[in-house]
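Going down the list, the sequences are from chains A and B. Here the numbering used here runs 100 ahead of the position in the first sequence, where the first position is 1. Here the numbering used here runs 971 ahead of the position in the second sequence, where the first position is 1.
Simulated from the structure, these hints should not be mistaken for laboratory data. Since the model is a prediction, treat every value here as computed from it, not as a measurement. Don't take each hint at face value.
Restricting the straight-line Cα-Cα distance to at most 25 Å, the calculated cross-link-like pairs of lysine-lysine (DSS-like) are [what the hints assert, rightly or not]:
#1 B:979 with A:260
#2 B:1130 with B:1103
#3 B:1149 with B:1074
#4 A:247 with B:1130
#5 B:1057 with B:1103
#6 B:1064 with B:1130
A partial selection of chain B residues facing chain A, derived with a Cβ cut-off under 10 Å [as the list claims (entries may be wrong)]:
#7 976
#8 1118
#9 1178
#10 1184
#11 1194
#12 1196
#13 1200
Here are the computed distance ranges between Cβ atoms for each label pair [as the list claims (entries may be wrong)]:
#14 A:193 with B:1159: 37 to 47 Å
#15 A:201 with B:1253: 29 to 39 Å
#16 B:1253 with A:316: 52 to 62 Å
#17 A:201 with B:1225: 49 to 59 Å
#18 A:250 with B:979: 19 to 29 Å
#19 A:243 with B:1159: 29 to 39 Å
#20 B:1253 with A:199: 32 to 42 Å
#21 A:222 with B:997: 34 to 44 Å
Glycine included, each C-beta is placed from N, C-alpha and C at the ideal position.
Letter by letter, the chains look like this.
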Amino acid sequence: MATPPITHLRVHDRPIGERPRKQPQGRNVPVVEFDDVTKVYDGGSVGLERVSMRIGRGDFVFLVGPTGCGKSTCMRLLMKEIDPSEGHISIAGRNIGEIPRGRVPFLRRNIGVVFQDYKLLPNRTVYANVAYALEVIGEPRQSIRRKVPDILRLVGLSTKLHNYPDELSGGEQQRVSIARAFVNHPPLLLCDEPTGNLDPETSIGIMQLIYRINRTGTTVLVATHDREMVDKMRRRVIELSEGRIIRDQVSGLYRPDESTKEFAIRLRGELGIGDEGNPN
Amino acid sequence: MRPGFFLKEAIRALSRNAAPSLAAMLTVLLTALVLGVFIPVVQATTGTANQVRNRVVVNVYLQDNITPQQQNDLRNKLNTGTPNVKSVQYISKDQALKELQAKRKGTSEAIQLLGSNPLPATYRVVPRDPGKVQDIVNALVNVDPASGKQTYTMAGIDKVANRESDTKKILSATSLVKTLTASMAALLVLASIALIANTIRLSIFARRREVEVMKLVGATNWFIRWPFVIEGVIVGFMGGVLAVLVLWVIKDTLVDPLSDKFALIAAPNTIQFPALIAVLLVSCVAVSAIGSGLTLRRFLRV
Chain A
101 MATPPITHLR VHDRPIGERP RKQPQGRNVP VVEFDDVTKV YDGGSVGLER VSMRIGRGDF
161 VFLVGPTGCG KSTCMRLLMK EIDPSEGHIS IAGRNIGEIP RGRVPFLRRN IGVVFQDYKL
221 LPNRTVYANV AYALEVIGEP RQSIRRKVPD ILRLVGLSTK LHNYPDELSG GEQQRVSIAR
281 AFVNHPPLLL CDEPTGNLDP ETSIGIMQLI YRINRTGTTV LVATHDREMV DKMRRRVIEL
341 SEGRIIRDQV SGLYRPDEST KEFAIRLRGE LGIGDEGNPN
Chain B
972 MRPGFFLKEA IRALSRNAAP SLAAMLTVLL TALVLGVFIP VVQATTGTAN QVRNRVVVNV
1032 YLQDNITPQQ QNDLRNKLNT GTPNVKSVQY ISKDQALKEL QAKRKGTSEA IQLLGSNPLP
1092 ATYRVVPRDP GKVQDIVNAL VNVDPASGKQ TYTMAGIDKV ANRESDTKKI LSATSLVKTL
1152 TASMAALLVL ASIALIANTI RLSIFARRRE VEVMKLVGAT NWFIRWPFVI EGVIVGFMGG
1212 VLAVLVLWVI KDTLVDPLSD KFALIAAPNT IQFPALIAVL LVSCVAVSAI GSGLTLRRFL
1272 RV
């Protein structure tokens, strides 16, 4: 796949001051919108510089680039762990800069997050880890008892309900983390280097799981430096370098309705891992 | 909110982090124990010091030939027209003699030899604030600045005495004792709070990643904080109860048998044991609960 010339420094150009209400065809309000966002850290280092992008409902987007290019800054901005120095970020049309401190937890309940280091609660079982995400939003116990085994079956961990995280492999821990992120069906799923610590075969399983979640209509944003994986997945790629967007390629090479199984088979074929053994 | 869930979370955290919880509980136990011993000691000491201070009086000796009118005026002046007066007691010549005889055996013969009672009638004035006893003297005595000669503001006064050197000694000694015990008590309380807060801090610091994850999943600050506060209450309560038990044993086996023999231990103004228990338990629970809640604040800023 040839890298096209840098064409998308700005995804959309519009006069300053006009509200960003122009919709791309076939989409509603974009789920994620960065509007000229700059983030300068207290030490003076630049995390992001004048980044603008829109991610529509149901999109599967890769955020790629070398370490320090601003991928994690994007993720942390979306979680409102940090605030942008300039510009606005909107999630589902809501400017998250206007959300007061006390309401931030409610924003986060609508965003699932998956991290490279899993970030599981070490002294809780797999079941309790996933259940915690539901307890936080005040879900009744009955529905927690129903939903948690369901989601754990979906990620293929129905036999490890009562194990502690340190008794699981890296791939399994990441599956728990995905289950926790997705158990209350958030409209947006953020994955920060979800396969960073995993071997290629396990990575495919994880990517397949994330793809399956995407197929349910969830918007997915995956930050990764695994260029090979990104190329093979053939999804929209936003490339960052030193805090700027240097490529925003809406790939036309993939069939948007590709099934999870077809997706996995193609991925294995293209990555040269040749067998049909489907972990799910 | 859901108290049952938070209580369950707190108990689970306590049992899964047994070592830090135990450390926090021991800290509470030890500081409560030290405080429990120290509070009565401080009180007994200040009580005794106050008793000593109450011995500071001003004696107004009357002339033997004082008229009833003058005596009446003087009593009114002492009762209403003099600052810092707590009470005035009249001691007649006979009473003074009896007091003297009670204090020193053998004086009766000397008095008999004299043939008449040489002791003057006295108004014994007890000051409200022993530290300002001089105000009373100043109201009764005028000192001529040139000659240094003393004159009295009321007729019929023979002499005004406040046992100046005694008073000074009593005042400086008792105020030293009081300041010392007060500052020691303050230091001890501060040290206890710092110690408990620090131990709680350590046990929470070990779990700061957990707090971070909870925040990322969308837990509100109070949702995270409640289990920690309840944990603090449980730790404080258990430490406090253990300390009270130990204090009880000490009181029963050591202090009570001794209190017959030592005035300090039996001092009347010491706090009652049930009150002491209540004070200790409440402060243990409050300090560790508030400590948990406040310490967490740092880690909640994500």
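Status of each hint after checking the structure:
Note on residue 979 of chain B and residue 260 of chain A: the hinted pairing holds, with a Cα-Cα distance of about 23 Å set against a maximum of 25 Å. This hinted pair checks out: residue 1130 of chain B and residue 1103 of chain B have alpha carbons roughly 19 Å apart, not beyond 25 Å. For the hint linking residue 1149 of chain B to residue 1074 of chain B, the alpha-carbon distance of about 30 Å lies beyond 25 Å, and the restraint is violated. Using a Cα cut-off of 25 Å, the hinted pair residue 247 of chain A and residue 1130 of chain B is violated, with the two alpha carbons roughly 96 Å apart.
Between residue 1057 of chain B and residue 1103 of chain B the alpha-carbon distance is near 12 Å, which keeps this suggested pair within the 25 Å criterion. Proposed proximity of residue 1064 of chain B and residue 1130 of chain B is supported: the alpha carbons are some 15 Å apart, at most 25 Å. Given the 10 Å rule on beta carbons, the hint for residue 976 of chain B holds: about 7 Å separates it from the nearest Cβ of chain A. A cut of 10 Å between beta carbons decides the hint on residue 1118 of chain B: the least distance to chain A is about 78 Å, and the hint is violated.
With a least beta-carbon distance of about 9 Å to chain A, the hint placing residue 1178 of chain B at the interface is held under the 10 Å criterion. The interface hint given for residue 1184 of chain B holds, since its Cβ lies 5 Å from the closest Cβ of chain A, which is under the 10 Å cut-off. Checking residue 1194 of chain B against chain A by beta carbon gives a least distance of about 6 Å; that is within 10 Å, so the hint holds. This hint is violated: residue 1196 of chain B has a C-beta 12 Å from the nearest C-beta of chain A, more than the 10 Å allowed.
Annotation: residue 1200 of chain B was flagged as interfacial toward chain A, and the flag is violated, the nearest CB pair being 17 Å apart, outside 10 Å. One distance hint, 37 to 47 Å for the beta-carbon pair residue 193 of chain A and residue 1159 of chain B, is violated here, with the actual separation near 59 Å. Take residue 201 of chain A and residue 1253 of chain B: their Cβ atoms lie about 33 Å apart, and the range 29 to 39 Å holds. Under the hint 52 to 62 Å, the C-beta atoms of residue 1253 of chain B and residue 316 of chain A, about 54 Å apart, fit the expected range.
At about 55 Å, the beta-carbon gap between residue 201 of chain A and residue 1225 of chain B stays in the expected band of 49 to 59 Å. Checking the proposed 19 to 29 Å range against residue 250 of chain A and residue 979 of chain B shows it holds: the Cβ atoms sit about 23 Å from each other. Evaluation of the 29 to 39 Å hint for residue 243 of chain A and residue 1159 of chain B yields a failure: the beta carbon distance comes to about 52 Å. Restraint check, residue 1253 of chain B to residue 199 of chain A: a C-beta distance of roughly 40 Å satisfies the suggested window 32 to 42 Å.
Between residue 222 of chain A and residue 997 of chain B the beta carbons are some 25 Å apart, a value that contradicts the proposed interval 34 to 44 Å.
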